[in-house]
Amino acid sequence: MVQPTLDSVHRRIRGFLEERIKTDVAVDKDLFASGLVNSMFAMELVVYLEQAYGIAIVGEDLKLDNFRTVEQMTSLVLRLLDTPVADRG
Amino acid sequence: MSEVEDARLGVLGAGVMGTGIAVVAIGHGIPVVLVDVSEDRLADARRRVDTQLRHARLMGVVPAEGPVAALTTATELEAVAGATAVIEAVTEDAEIKAKVLGEVSRLVKTGTPLVSNTSGIPIGELERFVDRSDELVGIHFMNPAYLITMVEVIRGDRTSDETMTAVTGLLARMGRRGIVVRDAPGFVTSRLLHPMINEAARIVAAGVATAESVDDLMRGCLGHPTGPLRTADLIGLDNLADALRMLWERTGNASFQPCELLLEKVAAGHLGRKSGKGFYDYEKVLS
Numbered sequence: 001m002v003q004p005t006l007d008s009v010h011r012r013i014r015g016f017l018e019e020r021i022k023t024d025v026a027v028d029k030d031l032f033a034s035g036l037v038n039s040m041f042a043m044e045l046v047v048y049l050e051q052a053y054g055i056a057i058v059g060e061d062l063k064l065d066n067f068r069t070v071e072q073m074t075s076l077v078l079r080l081l082d083t084p085v086a087d088r089g
Numbered sequence: 001m002s003e004v005e006d007a008r009l010g011v012l013g014a015g016v017m018g019t020g021i022a023v024v025a026i027g028h029g030i031p032v033v034l035v036d037v038s039e040d041r042l043a044d045a046r047r048r049v050d051t052q053l054r055h056a057r058l059m060g061v062v063p064a065e066g067p068v069a070a071l072t073t074a075t076e077l078e079a080v081a082g083a084t085a086v087i088e089a090v091t092e093d094a095e096i097k098a099k100v101l102g103e104v105s106r107l108v109k110t111g112t113p114l115v116s117n118t119s120g121i122p123i124g125e126l127e128r129f130v131d132r133s134d135e136l137v138g139i140h141f142m143n144p145a146y147l148i149t150m151v152e153v154i155r156g157d158r159t160s161d162e163t164m165t166a167v168t169g170l171l172a173r174m175g176r177r178g179i180v181v182r183d184a185p186g187f188v189t190s191r192l193l194h195p196m197i198n199e200a201a202r203i204v205a206a207g208v209a210t211a212e213s214v215d216d217l218m219r220g221c222l223g224h225p226t227g228p229l230r231t232a233d234l235i236g237l238d239n240l241a242d243a244l245r246m247l248w249e250r251t252g253n254a255s256f257q258p259c260e261l262l263l264e265k266v267a268a269g270h271l272g273r274k275s276g277k278g279f280y281d282y283e284k285v286l287s
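Residue numbers (the working numbering), protein chains in the order written: chain A, 1 to 89; chain B, 1 to 287.
Hints are computed from structural coordinates only; laboratory data are not their basis.
Be careful, since some hints might not be right.
[Said to hold, decoys possible] On the chain B side, residues computed to face chain A include the following (Cβ under 7 Å): (1) His55; (2) Leu58; (3) Met59.
Just so we're clear, the structure is a prediction, and the values are computed from it rather than from any experiment.
Glycine residues also receive a C-beta, built at the ideal position from the N, C-alpha and C atoms.
Could you put together the complete structure from these sequences and hints?
Here's what the structure looks like:
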């Protein structure tokens, strides 16, 4: 598998959001503050990212602030892909 | 070890509310025995618990770290005999609740608070079925119980100070804040919310505005987090119609009479989010 890049993760997450909420969102748009999505959708984002990238979002990483914007989600995904599984708490 | 650390909660009914309540408790380190007559429902509850617990942690309403207490499931009511408090979250039907509460009151030891989780059935109607009515109290958990941290606490005419202290302590341990109200059909939240939803449905039926417009107005102008019709879909339109009927029968107030559109949707099986369709279509768009 090709290693995901900042651009490819941005594109994939924006594609998912476009499909689910029918909105093309800017990468720095706060999805929750803008009312585009609600707390019920937050968990769907977590599960989507885990499945799409084969990562486990647990412990301190499992907080809403990591999912507010496409940028924050991308940064979380890239960080977890870089971290060996054994180091995750 | 303190008394609080020894808490063991019995939860009766593994439906949406019972499971959500169990999640809150185990996420705050309180072991739970979850009882339901249906093995299938218990299995379904066990499947939902992990996701709900993660969801609660994501939203910061259950501690991110710290041990998760044990969840035990059982099909026999006797499994809650050793509980330090019991919350019944069975079907919203006064007869069923009375029967279950009566049985459990004869199983648990004196001093064990018995909590009825109800959105509107007066606690006074259930008192005579339990052995110790001073230990009976109502708590109206909101749905989803694992995300909403405020609850409505209903003090019955006979509920003792000791019981109120015990449930206040339990709620604090569960990270919940309770507002205590006196007993009345629908208490405060359902008495206000349900007729508003009913009227919102009448507005849609009359073609005054679409469901989206009603909700958008209530959100944008009046600060409602979701709008009445999205809330209705989350509650479940069948549950809502039942709750409205319950209020109508007990108060005689016609504003509680379930409107035609609501009843048509229930008859068509469009029960809201849980069936995939209600005032909104959840298979197509995100609410």
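Status of each hint after checking the structure:
Checking His55 (chain B) against chain A: minimum C-beta separation of about 4 Å stays under 7 Å; hint holds. Interface hint at Leu58 (chain B): satisfied, since its Cβ lies 5 Å from the closest Cβ of chain A, which is below the 7 Å cut-off. Interface restraint check for Met59 (chain B): the shortest CB-CB distance to chain A comes to about 6 Å, inside 7 Å, so the restraint holds.
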